[in-house]
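Line by line, the protein sequences are chains A and B.
Residues 180 to 427 in this note's numbering are what the first sequence spells out, letter by letter.
Residues 60 to 429 in this note's numbering are what the second sequence spells out, letter by letter.
Since the hints were derived computationally from the structure, they do not count as laboratory data.
Predicted model only: the values in this text are computed from it and were never measured.
Yeah, the Cβ is synthetic: ideal placement off N, Cα and C, and Gly gets one too.
Possibly wrong hints are sitting among the right ones.
Claimed, not checked - Once the Cα atoms are required to be at most 30 Å apart in a straight line, the calculated DSSO-like pairs of lysine-lysine come out as:
1. A:232 - A:411
2. B:309 - B:359
3. A:370 - A:422
4. A:255 - A:286
5. A:289 - A:370
6. A:255 - A:295
7. A:232 - B:321
8. B:309 - A:280
9. A:422 - A:232
10. B:396 - A:411
11. A:411 - A:255
12. B:309 - A:232
13. A:344 - B:396
14. A:344 - A:411
15. A:359 - B:309
16. B:158 - B:135
17. B:135 - B:95
As the list claims (entries may be wrong) - Label-pair restraints from in silico Cβ distances:
18. B:190 - A:366: 38 to 48 Å
19. A:297 - B:101: 31 to 41 Å
20. A:284 - B:330: 27 to 37 Å
21. A:287 - B:263: 39 to 49 Å
22. A:213 - B:362: 54 to 64 Å
Stated by the list, open to error - Which bits of chain B does chain A cover? Going by a derived footprint, with three or more residues having C-beta under 8 Å, they are:
23. 100-114
24. 288-298
25. 305-314
26. 382-391
Residues per chain, in single letters:
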Amino acid sequence: MTRFYKITLYIVAAAYSLLLSGCSSESDEPLMTDVEISITNEVNGQPLVLLDKTYTNPSGDTYVVHDLKYFMSNVKLINSRGEATYIEPDSYHLIDEQIGKRAFTLKNVKADTYTKLEFGLGVDAARNHSTDQYGDLDPSSTMVWDWDTGYKFLSLVGTYVANTKEGGLVFHIGGDTNYKTITVDLQQPLKIQSSSGNRIQIVTDLNGLFLEPNPIDFDEINTAMTGPAAAKIAENYSTGFFKQVTAN
Amino acid sequence: MMYSVKHLLPVFLLLCCLTACSSDPDIPPAPVTEYKPTPYQLNIPSTLPRNFVIPPDNPLTEEGVVLGRHLFYDNKLSGNNTMSCATCHQQQLAFTDGKSLSFGIQRMPTKRSTMSLANMLWFSQFNWDGSATGLEAQARGPIEDPLEMHETMVNAVNKIQRTPIYPPMFFKAFGDSTVSEENILKALAQFQRTLISANSRYDRYLQSKEVFTPDEVEGMRLFMTHPEPGLGIRGGNCGDCHGGTLLSLKGFHNNGLDYTFKDNGLGAITGRETDNGKFKAPTLRNIALTAPYMHDGRFKTLEEVLDHYNEHLIYNSPNLDPLIKEASNMPNGRTLKLTPDEKRKIILFLHTLTDSTFIQDERFSNPFTK
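With the rest of the complex left out, here is chain B (with noise of 0.2 Å):
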């Protein structure tokens, strides 16, 4: 049987109707016909290096970073919708919460403090146990602990999809208005691999755009120095786990905090008896911003930080770090022995790691309150 022109006419002119509409600014939400995303331009700074690794499969995209970024806002993830992403991470603290362990919708607190997300691009083990090997794998886990969002993936992305805003925003960002777990979870790290500060006062001493003062090129080389006290070399021994400009050289490391461990870090998740007590060095950019310290928050200020290693390191605790266990500005010495006065020196250049644009970057806020 054949059709004649004057039975397709109807639908010829519906698919131009709907053509026009889609292609009309103005009337919202239009009818998505296309899949077409516009590749996301990272601009990498200078001071930063260039190996960074992004997913075969998830290469960013700028449909998908919008996306990302109003999930990252959205209490919709949350069990009781009470909290998102950044309510623990939040940008004016470089996407950390000021509380020394984090909290979750029942206002209990979980075991860990909350991380900075400051250049997670060129990281590839997440968590203070490195135990999420990549940022989507990340995304999951505090979705889901019962500690902190408490919310099944299933139930999440059926929230998600019932509202008018976000089928229309996966079709852009991943061809398919149909919300899924994978695509939440790679828009989430999409948005977080476009997090990168780069424009603090010691980024700018590096491309010479500004002048350090004495004290804080002093405690600059200081921070990068590993004691020599048989040669007359002074150093805090910071930069043998926070050197390289990401200020961290993403090892896991026992600093001395315990004896005897409550949270056995790394080693929970290897196995080994040998990572116990291990937890990431984490990056320092924003350090001053970021505060309390450590994977438990026991630390409130940077001076509580140097004290640490400088008076009250516990040199006998298991697997403490040969980097520490062997750093001191004492022949023999136990803990690092610097004076006062170095260990002022070496906060002031922890001040230069602020980067004021990082906290204040419109692209990185919260979508909903514009």
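Next comes chain A alone, as it looks inside the complex (with noise of 0.2 Å):
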């Protein structure tokens, strides 16, 4: 009869642990939303104008854009406990003002408080080499020099008037050494509670390039890719040219 009883009282605790496993599933189905991340690329808190608008840079020289464009990469949310929660898959995302190309979306983020943002700057050693397509890498488009060399991670093209001379202005940023991961405070966390309207927004200043920690006079330095002068604008974009970061 105790046997009987034992056995009994194991298949209603089953049953019961199984139906509320089952409700529990139901009502505490993580939310997994998207996240919109979009990017205004300013110069000295304007708007970035392609070629038609003279800037200044640190340095007092004067310049017209022509063209940037940069790979975010590896994309990763850090919570509010330090934990990178969020990884987003085969992350590359080319940021183009040619074709206006300025924001992606991060897909299925687990509801949470987030508080920093991860991503490197141009594309890491693993993919850099490879002529696979994930996200935005293209062998075939202007990012890219060769098989061997890999892609370009930022991409700044116009011309200059500096003190002594003017001409062309062609930083094309690459090497592995030059990618560069960076971390940012979002200035208020990004909480998810609804699944619609989760958005990062990023504000960059391009003067950031030429300005800390290594100051970059065009009467020096017009032009890079992968030497000293490559590592000094690398330098400058993995601390100053993300200059801030917003959540709603």
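Starting from the two chains in their separate frames, assemble the complex, guided by the hints.
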């Protein structure tokens, strides 16, 4: 009789737990949603205009931008506990001023409170020398040199007038060592509570490429690819390019 | 009123007979009864990108490509029935014509040089000035241009409709034996999307199936490199516009040919002064076959092209591309300043881009002479 009672208890307990888990899987289903990342490239607080505007860099040289493109890759969201709970797969986004591509969408982001955004500027070494096409990686795009050299991480092309000379401004920054992982604090945390309206807005400042820690004077440097000049600009973009990151 | 079996029997027999005829391959031209196009299998070579776009309303089919090939080689698309697309786009010259400026049915020159049709699948802006944004739209231009084939689409449709061969081909390709402007252009676009060139020595080198000479390797390196005289990096700077394995980054540039423009190129299309003098950087695949060079065919040889960038560039040309303006192998140099030996090596590399199978491929040849 005791044994029968025990078995019955087990069955009831099992059924109950099954019922509970059934219920909990419905009510605790975590909210998964999209987060839109949008970027405004600015110069001295004004949205960048290609070709028709002349800008002044921190060294006092003037310049006109014909095109600006760069890769944001390996995007992660870090929550208030410091955990990277969102890691975007095959994460390669080309920001392209020429065609006005300044936004991308993170898919299936779990509801949480996120306080930091992490991403790479450029293409990581693993994908930089392959012809695989993930995300916006495209071995036939203007962001490529050839298969050996890999991708241009950031391309800024224009013209300049400096104190002693004038000419073309060609910053094609690439090379594995210039791939920089950048972590930025969100000015307010991104609290995902519903499935719409989750956005992160990023504002850059082009002059940040020429300021700190390496001031760039166009009299001295008006071109860079993978050498020391490129390394200087890469250091600058890892600290001073992404000015302001807000969430709503 | 009811029909008796007796009344219906002849109809039934006739239907049987028709079906039998259509399935017999020996009796042309069989009445076509079924629209069932076969999808065309594009084999994309490993050295070319995978991100081409085919318009959803014009998928490639075997029947559409065959039809397009016939139309491409058919003189009926010209006003006086003397020219086809292939008059200027000749397969043995990688679909160019060897002339500085192309000619139309009046034997008068147009204002530009014929462009190669290799690998157009990967492009979205066509003509030297980017005026056509799809191959379907592009195909209309030369047919209607008074300086080129000088025919109206309406006349072309009527001439094609009146032939015995085309209406069944249009049915097989598009499910309608009534010829239409839209379907002529679609078929031409389908055929052109199959013109893939990726079996040059360069492709085989990339696949480690072929060895380059040291001079060719150096030529390739110079081709792809933007010079940085401050760092001792020498380069021909070609890859800044003709990079990637398509040998074109699909951009539009003023490459310093003139100080004043007879032809505004892209600027005439966009209306922007800053686009004046800009022309498409075409693919350099098969470039040794596609002389003369530039939008107006002003340079007869590759040596003349290299000399232009190296020595004769018009530095003060309005809107000169920064990628060119900045590129010199001498500090503060205003042209490329390569050595004669470096120019020779770049030209050696350019010859590795010739694809002899592309220019002999039966599938791309004139179907009327077989």
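Evaluated hints:
Note on residue 232 of chain A and residue 411 of chain A: the hinted pairing holds, with a Cα-Cα distance of about 26 Å set against a maximum of 30 Å. Restraint check for residue 309 of chain B and residue 359 of chain B: satisfied, since their Cα atoms lie roughly 23 Å apart, inside the 30 Å limit. Pair hint residue 370 of chain A plus residue 422 of chain A holds up; C-alpha atoms about 21 Å apart against a cutoff of 30 Å. Restraint check for residue 255 of chain A and residue 286 of chain A: the C-alpha separation of about 12 Å stays at or below 30 Å, so the hint holds.
A C-alpha spacing of about 10 Å is found between residue 289 of chain A and residue 370 of chain A, which places the hinted pair at or below 30 Å, so the restraint holds. Between residue 255 of chain A and residue 295 of chain A the alpha-carbon distance is near 8 Å, which keeps this suggested pair within the 30 Å criterion. A distance of roughly 27 Å separates the Cα atoms of residue 232 of chain A and residue 321 of chain B; the hinted pair therefore holds under the 30 Å criterion. The suggested pairing of residue 309 of chain B with residue 280 of chain A holds, with an alpha-carbon distance near 17 Å, which does not exceed 30 Å.
The suggested pairing of residue 422 of chain A with residue 232 of chain A holds, with an alpha-carbon distance near 21 Å, which does not exceed 30 Å. For the proposed pair residue 396 of chain B and residue 411 of chain A, the alpha carbon gap of about 27 Å is at most 30 Å, so the pair holds. At most 30 Å may separate the alpha-carbon atoms for a hinted pair to count; residue 411 of chain A and residue 255 of chain A meet this at roughly 25 Å. At most 30 Å may separate the alpha-carbon atoms for a hinted pair to count; residue 309 of chain B and residue 232 of chain A meet this at roughly 25 Å.
Taken as a hint, the residue 344 of chain A and residue 396 of chain B pair is honoured in the structure, with Cα atoms around 19 Å apart against an allowance of 30 Å. The suggested pairing of residue 344 of chain A with residue 411 of chain A holds, with an alpha-carbon distance near 21 Å, which does not exceed 30 Å. Note on residue 359 of chain A and residue 309 of chain B: the hinted pairing holds, with a Cα-Cα distance of about 28 Å set against a maximum of 30 Å. About 23 Å separates the Cα atoms of residue 158 of chain B and residue 135 of chain B, which keeps this hinted pair within 30 Å; it holds.
At most 30 Å may separate the alpha-carbon atoms for a hinted pair to count; residue 135 of chain B and residue 95 of chain B meet this at roughly 27 Å. About 46 Å separates the C-beta atoms of residue 190 of chain B and residue 366 of chain A, a value consistent with the hinted range of 38 to 48 Å. Distance hint check for residue 297 of chain A and residue 101 of chain B: the Cβ-Cβ separation is about 39 Å, which falls inside the suggested range of 31 to 41 Å. The beta-carbon spacing between residue 284 of chain A and residue 330 of chain B, approximately 34 Å, falls within the hinted interval of 27 to 37 Å.
In this structure the hint that residue 287 of chain A and residue 263 of chain B lie 39 to 49 Å apart at CB holds, the actual value being about 43 Å. Taking 54 to 64 Å as the suggested C-beta distance range, the pair residue 213 of chain A and residue 362 of chain B conforms, at roughly 56 Å. Under a criterion of three residues with beta carbons nearer than 8 Å to beta carbons of chain A, the stated coverage of the stretch 100-114 of chain B is upheld, 4 such residues being counted. For the stretch 288-298 of chain B, the stated coverage by chain A is satisfied: 4 residues place a CB nearer than 8 Å to a CB of that chain, which reaches the threshold of 3.
Here's how the stretch 305-314 of chain B fares: 4 of its residues keep a CB closer than 8 Å to some CB of chain A, so the rule of at least three is met and the hint holds. Here's how the stretch 382-391 of chain B fares: 6 of its residues keep a CB closer than 8 Å to some CB of chain A, so the rule of at least three is met and the hint holds.
When each numbered hint is compared with the structure, no violation occurs for any of them.
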